[in-house]
Amino acid sequence: MEGEKNVDVRTDYGNMSLTENVAGMDPMELFSTWLSEAEKDGCPDHNAMVLATVGSASLSNRVVLLRSFSDKGLVFHTNYNSRKAMDIERDARAAATFFWPKLQRQVRFEGKAERATAQESDAYFASRPRESRIAAWSSDQSRITESREAIEDRYDRWAERFEGKDVPRPDHWGGIILRPVRIELWQGRNSRIHDRLAYERFPDGTWQRMRLQP
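Start counting at 1 in the sequence shown, then tack on 19, and there's your number in this note's numbering.
Since the hints were made in silico from the structure, they are not lab data.
Hints are supplied without guarantee of correctness; some may be wrong.
Pairs of lysine to any residue, SDA-like flavour, derived with a Cα cap of 25 Å [as the list claims (entries may be wrong)]: (1) Lys91 with Glu129; (2) Lys121 with Gln232; (3) Lys121 with Lys184; (4) Lys59 with Leu37; (5) Lys121 with Ser87; (6) Lys121 with Val69; (7) Lys59 with Tyr143; (8) Lys59 with Val82; (9) Lys131 with Val69; (10) Lys184 with Tyr99; (11) Lys59 with Pro120; (12) Lys131 with Leu54; (13) Lys121 with Trp53; (14) Lys59 with Thr30; (15) Lys184 with Glu150; (16) Lys91 with Asp223; (17) Lys91 with Val200; (18) Lys59 with Met35; (19) Lys59 with Trp119; (20) Lys59 with Gln125; (21) Lys91 with Glu150; (22) Lys91 with Glu108; (23) Lys184 with Gln160; (24) Lys131 with Thr30; (25) Lys131 with Leu231; (26) Lys91 with Ala217; (27) Lys91 with Ser55; (28) Lys131 with Met105; (29) Lys91 with Glu48.
Bear in mind the structure is a predicted one, so any value in this text is a computation, not a measurement.
All chains, full assembly: derive it from the sequences and hints.
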């Protein structure tokens, strides 16, 4: 491809606002409200988040699905031999971003990630469709393979192995929780004068709130 390609697409924001009175002092409570509103408003994959890690030679990010959350943090599940999980093993720092264009909202999380307990991982794994449980056994996630056919053949062999049997959680698969120390909520506004509220967590678990310039 030759020459510079401009992407001059502009959206006029401004349907809603974000005030301190509405936001309150608990960013996780506000995030819960926004996530529910994104689901009710029909935002596609409303629980999808961009996860960034720093444990490799270069920064890396990818989209993963949020499966649960609490005051403690955000939980997603993965193969522990995947690049993202190995990154977190090397360097626990991580960040996640949600973006709901339809609602003109964004939420950013920064903190440290760690593995969920085996009991938590077992409980979620048991709720997955059988095909997804078999896939957790059959995939060496992030490893090079010779072809698509090789991936499917490997899946078929594992499916045959578990035929008529329960599919337990493999040791190399489970949950990871991102424990945030900073959360920023963004609401699009007119003339690019957006609302941005940032929260930083104190050691006692309480939050400090700040309004940022757009």
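Evaluated hints:
1. Lys91 with Glu129: OK: Lys91 and Glu129 at ~13 Å, within 25 Å.
2. Lys121 with Gln232: This hinted pair holds, its Cα atoms lying about 23 Å apart.
3. Lys121 with Lys184: Given pair Lys121, Lys184 is violated - Cα atoms ~44 Å apart, limit 25 Å.
4. Lys59 with Leu37: Holds, at about 19 Å.
5. Lys121 with Ser87: holds (22 Å)
6. Lys121 with Val69: At roughly 17 Å apart (the allowed maximum being 25 Å), Val69 and Lys121 satisfy the hint.
7. Lys59 with Tyr143: holds (24 Å)
8. Lys59 with Val82: holds (21 Å)
9. Lys131 with Val69: Since the Cα atoms of Lys131 and Val69 sit roughly 15 Å apart, the hinted pair holds (cutoff 25 Å).
10. Lys184 with Tyr99: With a Cα-Cα distance of about 24 Å, the restraint between Lys184 and Tyr99 holds, given a limit of 25 Å.
11. Lys59 with Pro120: Satisfied, since the Cα-Cα distance of roughly 14 Å is no more than 25 Å.
12. Lys131 with Leu54: holds (21 Å)
13. Lys121 with Trp53: Between Lys121 and Trp53 the Cα gap is close to 12 Å, so the pair holds against 25 Å.
14. Lys59 with Thr30: holds (22 Å)
15. Lys184 with Glu150: At roughly 13 Å apart (the allowed maximum being 25 Å), Glu150 and Lys184 satisfy the hint.
16. Lys91 with Asp223: The given pair, whose Cα atoms are some 13 Å apart, holds under the 25 Å limit.
17. Lys91 with Val200: Satisfied, since the Cα-Cα distance of roughly 10 Å is no more than 25 Å.
18. Lys59 with Met35: Holds, at roughly 16 Å.
19. Lys59 with Trp119: holds (12 Å)
20. Lys59 with Gln125: holds (16 Å)
21. Lys91 with Glu150: violated (30 Å)
22. Lys91 with Glu108: holds (19 Å)
23. Lys184 with Gln160: The given pair, whose Cα atoms are some 24 Å apart, holds under the 25 Å limit.
24. Lys131 with Thr30: Violated: Lys131 and Thr30 sit about 33 Å apart, past 25 Å.
25. Lys131 with Leu231: The hint holds at about 23 Å.
26. Lys91 with Ala217: holds (18 Å)
27. Lys91 with Ser55: Within the cut-off at roughly 18 Å; holds.
28. Lys131 with Met105: holds (14 Å)
29. Lys91 with Glu48: Holds. Lys91 to Glu48 sits at ~12 Å (cutoff 25 Å).
Of the numbered hints listed earlier, those contradicted by the structure are 3, 21 and 24.
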